[in-house]
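In order, the protein sequences belong to chains A and B.
Letter by letter, the first sequence follows residues 343 to 746 of my numbering.
Letter by letter, the second sequence follows residues 8 to 190 of my numbering.
Read the hints as simulated data drawn from the structure, not as lab findings.
Hints may be right or wrong, so weigh each one.
[What the hints assert, rightly or not] Listed below are the simulated SDA-like cross-link pairs for lysine to any residue, each with C-alpha atoms no more than 20 Å apart in a straight line:
#1 A:K684 <-> B:I134
#2 B:K25 <-> A:R568
#3 A:K684 <-> B:D133
[Said to hold, decoys possible] Away from chain A, derived, C-beta distances all over 12 Å, residues of chain B:
#4 L31
#5 E53
#6 E54
#7 T70
#8 N78
#9 K95
#10 D98
#11 A111
#12 G130
#13 W157
From the three backbone atoms N, C-alpha and C, an ideal C-beta is built for every residue, glycine too.
Here's the letter readout for the chains.
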Amino acid sequence: MGPLIPQNIINGDLNFFFALIIGIAFGFILEQAGFSSSRKLAGVFYGYDFVVLKVFFTAGITAATGLFFLKYMGWVNFNFLYINPLYIWSALVGGVIMGFGFILGGFCPGTSLTAAVIGKIDAWFFIFGMFAGIILFGIFYPLFQPLHMGNFLGNPFIYDTLGMSQKWFLFFLIMMAVMAFAVTQIIEDNSKRFKELLYTQKLKTTYPLFFILILALTALFLDENRISYLGETDRSKLMTQLINKNRYLDTEKICYNIVNEQKDLLFVDVRTENEFNDFHLPNAVNIPAYTVLNNSTHNNFVEKNKKTVLYSSGTTKADMVWFFLAREGAENVFVLEGGLNKLFDDVFGNNNFIDTTKMDGLYEKRFFERARTYLKEGKLKKDEDVKTVPPPSDFDVKAVKGGC
Amino acid sequence: MGALIFSNINHRIKAYKKSNYDVLFEMQSNSTVMDYAAFINLLAQEEKNYKLIDLRNSMLYDTLHLEGALNMPFEMLLEKENLSFFKKNKDLKIIYADTESKSALVCMMLLSSGVENIKYLPGNFDIIYNNVVVKDNPSFYTYSDDKAKWDYKRQMGGNNTEKENSPSIPQQIEIKPTVKGGC
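Model the full assembly from the supplied sequences, consistent with the hints where possible.
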């Protein structure tokens with residue numbers, strides 16, 4: 343479901359439900375467009391009916407324009423798009439086999455299913471052949487494997503390969519499609535065979551063509567490098583957040599929170615798993631920095647909107663994750679200033695410099711001592727427990743005995 | 008259509024040029040960190056194909072700064088002239104600030120504004136100055152603020168996780184009367 347699932351507008355569990363609906367609609371439209379007729383389909387190879395070419399071009403330019411404008415408006419994130427990996431040789435060989443199959447059988451895989459459903463016997467044979475081929479390929483896969491998985495070229499975009507910008511590629515693609523429509527229209531008009539098959543009505547194409555040409559021209563005036571997704575904080579706002587240091591929580595605040603077991607803050611450890619297993623703050627969750635790119639964590643931070651404290655060994659890594667989340671639009675994300683290094687310096691380090699002759703200094707020292715015992719033992723004996731212990735009954739007696 | 012074009016002009020200042028994912032990925036691949044070893048090599052070269060930028064305020068800059076550094080207080084970063092300086096300069100740009108996290112965040116900000124070929128020096132200014140200019144200190148070659156300073160395991164006394172799992176035994180508090188010898 344394209345952008346709707348990553349944006350969390352539709353739940354991912356409903357994927358198959360929507361696949362079913364879209365599949366039924368797709369089959370219905372294929373049948374209605376006359377794609378269950380192999381005479382119509384194979385016409386493109388014999389040069390009398392170019393409906394296949396037109397449909398593929400229309401699909402291509404519709405998807406391309408849609409993606410371009412949705413990306414511009416910030417509705418589609420290209421990082422979440424699935425791009426078919428390119429294995430050059432298997433693509434070429436597969437394309438040739440598919441082409442020959444198309445000419446011989448008069449169907450392509452999708453249309454053969456629609457034709458089979460309306461009861462065409464040749465389509466049933468076609469499907470049988472298709473599955474036989476799949477099984478043979480599966481059995482002899484080791485033979486085909488070097489061809490199938492060889493020459494991997496990554497996930498390239500055509501416009502990158504051509505060194506074009508996106509909008510110019512879109513413009514030329516639309517121009518090419520319009521030219522192809524015009525040329526095939528002329529060929530069809532002059533073809534006798536086309537007139538014999540009277541099932542095709544002439545369509546009025548003026549308005550759609552006009553519309554797509556306007557879109558192509560608008561695309562040329564847009565700044566395609568602009569990237570801003572839905573809900574993202576804009577740059578100047580993010581900069582002010584970066585300058586004022588509201589995101590920083592100092593070690594004393596954190597220690598106070600830990601020692602008094604106030605569970606209003608969620609600690610998130612952005613270090614690696616090993617470091618997390620060595621030591622972590624009580625009740626912390628481990629989300630290593632490189633997994634923040636993962637989509638589900640993004641939803642956890644931005645949508646649940648819980649007060650979160652990021653920490654790492656220093657400040658830098660946690661701050662980097664903070665920047666990422668702040669740009670995504672998360673609020674209530676804080677950073678432990680100085681990280682664990684500073685926390686350990688304060689709690690376990692040499693804090694003799696604190697002036698204990700003053701009350702403030704004394705309190706500070708006691709506070710850090712409490713934090714130290716808490717972190718070491720996992721739990722602090724509460725003051726109340728200490729108070730409620732009754733003094734041993736024979737205390738006085740013994741004390742008397744000791745006297746002279 | 009008109010609205011689209013208008014929003015194009017309106018958002019040119021606010022919008023980003025690089026996706027959030029690409030920026031964080033680039034930061035984590037460490038290709039934006041200029042470690043001291045490489046920086047010292049760069050300083051030793053005669054040709055200066057790089058720009059050094061000091062992100063601290065002008066007062067701190069005036070007292071002490073690295074040789075050849077330009078001053079650009081990081082609050083002014085998104086001003087038009089400053090951004091266009093970063094964008095038009097094709098040389099390697101090296102930034103440093105008074106904390107490492109500040110230079111890293113500024114680096115992220117510039118990357119997402121479409122600036123290319125930019126690196127930052129890890130560590131705060133004092134550490135950079137003392138270990139690069141004053142003395143070439145090999146133990147600081149791969150310094151980062153984010154490296155763990157403490158051995159947590161030893162500090163915590165053995166395995167921390169075992170302690171959490173074991174049921175906590177309530178400690179009995181005994182007050183032993185310290186009565187020894189009389190006078």
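We went through each hint and held it up to the structure:
| no. | hint | result |
| --- | --- | --- |
| 1 | A:K684 <-> B:I134 | 16 Å, holds |
| 2 | B:K25 <-> A:R568 | 8 Å, holds |
| 3 | A:K684 <-> B:D133 | 17 Å, holds |
| 4 | L31 | 5 Å, violated |
| 5 | E53 | 32 Å, holds |
| 6 | E54 | 30 Å, holds |
| 7 | T70 | 22 Å, holds |
| 8 | N78 | 17 Å, holds |
| 9 | K95 | 16 Å, holds |
| 10 | D98 | 21 Å, holds |
| 11 | A111 | 5 Å, violated |
| 12 | G130 | 10 Å, violated |
| 13 | W157 | 4 Å, violated |
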